[in-house]
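Q: Start from chain A and add chain B according to the hints.
Residue numbers (numbering that gives the first Met the number 0), protein chains in the order written: chain A, 0 to 368; chain B, 0 to 465.
Treat the hints with care, since some could be wrong.
Chain A residues, not near chain B, derived (Cβ > 12 Å throughout) [said to hold, decoys possible]:
1) H80
2) D151
3) R240
Have a look at the derived ranges for each label pair, beta carbon to beta carbon [said to hold, decoys possible]:
4) A/N51 <-> B/A148: 28 to 34 Å
5) A/P40 <-> B/E397: 50 to 56 Å
6) A/P40 <-> B/F392: 43 to 49 Å
7) A/P293 <-> B/K314: 56 to 62 Å
8) B/H232 <-> A/G150: 50 to 56 Å
Keep in mind that the hints were calculated from the coordinates and are not lab data. By construction, the Cβ of each residue, glycine as well, lies at the ideal position given by its N, Cα and C atoms.
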Amino acid sequence: MNTASWADRLTAEGEDRARTEGLRRIAYFCSYVPEEILSVPGLYACRMRASNTTTTETADSYLGLFNCSYTRAMLEAILEHESGWMDGFVFTAGCDHLRRLYDNLVHTANPPFCRILGLPYKTHEDAREWYFEELVQLRNALEEHFDLSIGDEELRGAIEACNENRRLLASLNELRKGENPPITGEDMQRAVVASFSLPKSVVNAALADLIEEVETAAWDRKFRARVLLMGSQLDDPAYVRVIEDAGALVVADGYCFGSLQYEHAVGTDSDPLKAIAVRYLEKTPCPRMFDAYPDRYMRIVEVAREFGVQGIIIQTMKFCDTWGIEGNVFQNNLREEGFPVLRLEREYALGGVGQMKTRIQAFLEAMGC
Amino acid sequence: MVLIDYVKKFPQAIYPYYMTRSVLQGMRAMAVLRYYAWKRGEKPFDPDMIKPRERDLLRLWSEGRPPDYQVAIGEALGLTVDYYVDIFCRMARDPDKLIWYEDVIPPEIIQAMGLIPLMVEGIPGMAPMVAPEAAHRFIDVAENAGYPADLCSMPKVTLGMVLEGLLPPPRAILCSNSPCDGGMSSYLPIEQAVGVPVHRVDFPWNVYEPRAAEYCLKEVERMIRFLEEIAGHPLDMDRLRDICEMRNRMQEATMELWELMKARPCPMGGMLHPLSYTAYQVCPGTPMGIRIAESILQVARDNHKEGRGLVPDEKHRAIMWGAFPVTTPDLYEWLENEYGMVTVMVMLSYDHYPLIDTSSEASMMRDLVEIMAKPPMARHTRGPVENFLGDLFHLYEEYQADLVIMAAHQSCKNMRAALGILRDACRRRDIPLLIIDHDVFDARVVSPEGIKSQVRDFMDTVMRDD
Numbered sequence: 000m001n002t003a004s005w006a007d008r009l010t011a012e013g014e015d016r017a018r019t020e021g022l023r024r025i026a027y028f029c030s031y032v033p034e035e036i037l038s039v040p041g042l043y044a045c046r047m048r049a050s051n052t053t054t055t056e057t058a059d060s061y062l063g064l065f066n067c068s069y070t071r072a073m074l075e076a077i078l079e080h081e082s083g084w085m086d087g088f089v090f091t092a093g094c095d096h097l098r099r100l101y102d103n104l105v106h107t108a109n110p111p112f113c114r115i116l117g118l119p120y121k122t123h124e125d126a127r128e129w130y131f132e133e134l135v136q137l138r139n140a141l142e143e144h145f146d147l148s149i150g151d152e153e154l155r156g157a158i159e160a161c162n163e164n165r166r167l168l169a170s171l172n173e174l175r176k177g178e179n180p181p182i183t184g185e186d187m188q189r190a191v192v193a194s195f196s197l198p199k200s201v202v203n204a205a206l207a208d209l210i211e212e213v214e215t216a217a218w219d220r221k222f223r224a225r226v227l228l229m230g231s232q233l234d235d236p237a238y239v240r241v242i243e244d245a246g247a248l249v250v251a252d253g254y255c256f257g258s259l260q261y262e263h264a265v266g267t268d269s270d271p272l273k274a275i276a277v278r279y280l281e282k283t284p285c286p287r288m289f290d291a292y293p294d295r296y297m298r299i300v301e302v303a304r305e306f307g308v309q310g311i312i313i314q315t316m317k318f319c320d321t322w323g324i325e326g327n328v329f330q331n332n333l334r335e336e337g338f339p340v341l342r343l344e345r346e347y348a349l350g351g352v353g354q355m356k357t358r359i360q361a362f363l364e365a366m367g368c
Numbered sequence: 000m001v002l003i004d005y006v007k008k009f010p011q012a013i014y015p016y017y018m019t020r021s022v023l024q025g026m027r028a029m030a031v032l033r034y035y036a037w038k039r040g041e042k043p044f045d046p047d048m049i050k051p052r053e054r055d056l057l058r059l060w061s062e063g064r065p066p067d068y069q070v071a072i073g074e075a076l077g078l079t080v081d082y083y084v085d086i087f088c089r090m091a092r093d094p095d096k097l098i099w100y101e102d103v104i105p106p107e108i109i110q111a112m113g114l115i116p117l118m119v120e121g122i123p124g125m126a127p128m129v130a131p132e133a134a135h136r137f138i139d140v141a142e143n144a145g146y147p148a149d150l151c152s153m154p155k156v157t158l159g160m161v162l163e164g165l166l167p168p169p170r171a172i173l174c175s176n177s178p179c180d181g182g183m184s185s186y187l188p189i190e191q192a193v194g195v196p197v198h199r200v201d202f203p204w205n206v207y208e209p210r211a212a213e214y215c216l217k218e219v220e221r222m223i224r225f226l227e228e229i230a231g232h233p234l235d236m237d238r239l240r241d242i243c244e245m246r247n248r249m250q251e252a253t254m255e256l257w258e259l260m261k262a263r264p265c266p267m268g269g270m271l272h273p274l275s276y277t278a279y280q281v282c283p284g285t286p287m288g289i290r291i292a293e294s295i296l297q298v299a300r301d302n303h304k305e306g307r308g309l310v311p312d313e314k315h316r317a318i319m320w321g322a323f324p325v326t327t328p329d330l331y332e333w334l335e336n337e338y339g340m341v342t343v344m345v346m347l348s349y350d351h352y353p354l355i356d357t358s359s360e361a362s363m364m365r366d367l368v369e370i371m372a373k374p375p376m377a378r379h380t381r382g383p384v385e386n387f388l389g390d391l392f393h394l395y396e397e398y399q400a401d402l403v404i405m406a407a408h409q410s411c412k413n414m415r416a417a418l419g420i421l422r423d424a425c426r427r428r429d430i431p432l433l434i435i436d437h438d439v440f441d442a443r444v445v446s447p448e449g450i451k452s453q454v455r456d457f458m459d460t461v462m463r464d465d
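The shape of chain A in the complex, shown without the other chains (with noise of 0.2 Å):
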């Protein structure tokens, strides 16, 4: 199927749904922020994203040019009000790039709601009571300024949701084991999109018909390697796609606009908030957490071995400390392990196509495939 037109169609119900029901979009920016605090009634979740951002003259002026081109794309396109404009925005302090994001937002365009929340480094108990702390506020400053009312009734319907749109790409990932996947990587990646960037009641319904019409199709799709593509934050299907291009099939990925942000549901049997600060704090983590690098480690490496991935791509994006140190510490760990590494850094924009599939292409070659 075409899952572009697909991901269109979605995305034009899915905004007129909004409009419809008078529901405000809440911007979020990193994978720490809860959206079940964003998809209570009167509000839905946006992961920011600015796919049309191809310059950032304007941001330029603010953010440094070492700063990383998905911050700078972010501010650019809030500041020409590109991708529409926001009811409001939640960050994370999850880097240095997103706390100076936050900072020249509030400076350049100062936003009526403009949130940040003050993410742990550590996961034991008085990092979870800190994070609730921080929900908790974020709960209380969202209903004084949307004049709602969210309480437990309104969080569980909101976790509801979002683990069965959780379960769902789950499913559809499920997909992507088999000898000959019924969908691509790209595929998956605007299912993805689509479930972080919609009401999540258009898109449920949209994802529960695509898993039906993708497992009873038939499939016969050429390919000379499975691939598993992790590194830092992507949210570009085109960016997958020119891997594809090139004659990798990426049946697996470890990034947070993939995989990660969608593993792990929020517990459904204990008080709402304090539930959600333990999934977001227990969930796959993001290399600027402490310690976790084992398990992150144990995680690339079995998810590799469960999907028969021949080789694994990891994108960098330029700027990124964490990623960028990371991203060598794994690419020699894995070689360690047997598995052919392929390391590419990366701006936000896609770019440089024609060199990015010749090195794939050199990649594949080298795995014999």
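A: Same frame as chain A, now just chain B:
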């Protein structure tokens, strides 16, 4: 003999030991000779009496200055290096007690535990001053090993030395999430290369939040438990109290110095800043730390009493923000000589903590934790941008400055991302702002001459200073 045995066992230790020794001898010899020449009334003292080392820091930092200033600077440098040499001698005796710590973790608790603290970034930090080519070499080692070229050159030099196996092996490592992602993340490859336990301290994003103090205290308690396991005995609170009291003496001298620096003309020069900062990072709470602080203070007191400025004709008073370009160690002197510009305060040396209340264990820990959580730079790069700007504009007023120099280290993503806001804030206040592009340790990116050229352009065009 102990040291020789140690070096036989760990041959890599000879490199940093040699480096500290070479700085010590280069500095001390000149300072002492000048001191005696001055005492004997041989004025003016001719520095060419001794053939200076090619990049003799003392010559760079104090040439043409009053002898007492030269002696104070020489003594401060000599003591800092002495401290390092002492650390090496101690680790030679007890190699299993060596603890590496990241630059924002104060060493007081490690000392009180009877362990030997070695600031990992300390020896690499000296490299660009002693031998720039050494810094370049280690940067290249890190980059050739696959670490990003845009990573801050401080962790790159450190990583390069660690990957080359040039630092003496520790028993354990302490680090944190301050002040930046680059430094924090570099401890993963360091951990893998060295293969010893690492304890990371989690400071909240905004340490000024009311509940941050309790969170930090618990984090430091975890760090202490980690160290107690390494040491095999509990923290000696009496010893910690002694160390805190010595730190208080050092702090009292520093606070008095900061007060004196407000005077016009300013009684001291910019060189005191890196010396003061280094002393707080390397040897706070030690007799050497006190001597460094007090020897600098004494010069300032004498000058202030006489109404004498260090720069004879003081024309400008600058606040320097950001990371000082270590590639250009004579920058303060050059600003003073060339433009009559005294750097009255800098981000890195601006300590303004209260004295540690040693009346109880609880009060002592509370105040120590505050020092750990809010050191200069870390408190500026974390939290909202107000943390970065607040101290700056406060100091600008307090010290009657007439310009701000922002030393914008190219790969400090955090501070570079605040430059636009800083520029707007300075314009609103009508404050002249010079942004110097540089790389803190890599003179190949911007040379010392390139840095001075940026200053010249600014002085000629903005300050209209011919």
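Q: The structure should be examined with respect to each hint, and the outcome stated for every one.
A: Against the structure, the hints:
The Cβ of A/H80 sits about 19 Å from the closest Cβ of chain B, beyond the 12 Å cut-off, so the non-interface label holds. Under the 12 Å C-beta cut-off, the non-interface status given to A/D151 relative to chain B holds; the minimum distance is some 24 Å. With a least beta-carbon separation of about 26 Å from chain B, A/R240 lies farther than 12 Å from that chain, consistent with its non-interface assignment. Our hint of 28 to 34 Å for A/N51 and B/A148 holds, since their Cβ atoms are close to 30 Å apart.
Restraint check, A/P40 to B/E397: a C-beta distance of roughly 52 Å satisfies the suggested window 50 to 56 Å. Checked against the hint of 43 to 49 Å, the pair A/P40 and B/F392 passes, with Cβ atoms roughly 44 Å apart. With their beta carbons about 58 Å apart, A/P293 and B/K314 fall inside the hinted range of 56 to 62 Å. Between B/H232 and A/G150 the CB atoms are about 52 Å apart, so this pair conforms to the stated range of 50 to 56 Å.
Figure legend: structure checked against the earlier numbered hints; every hint is met.
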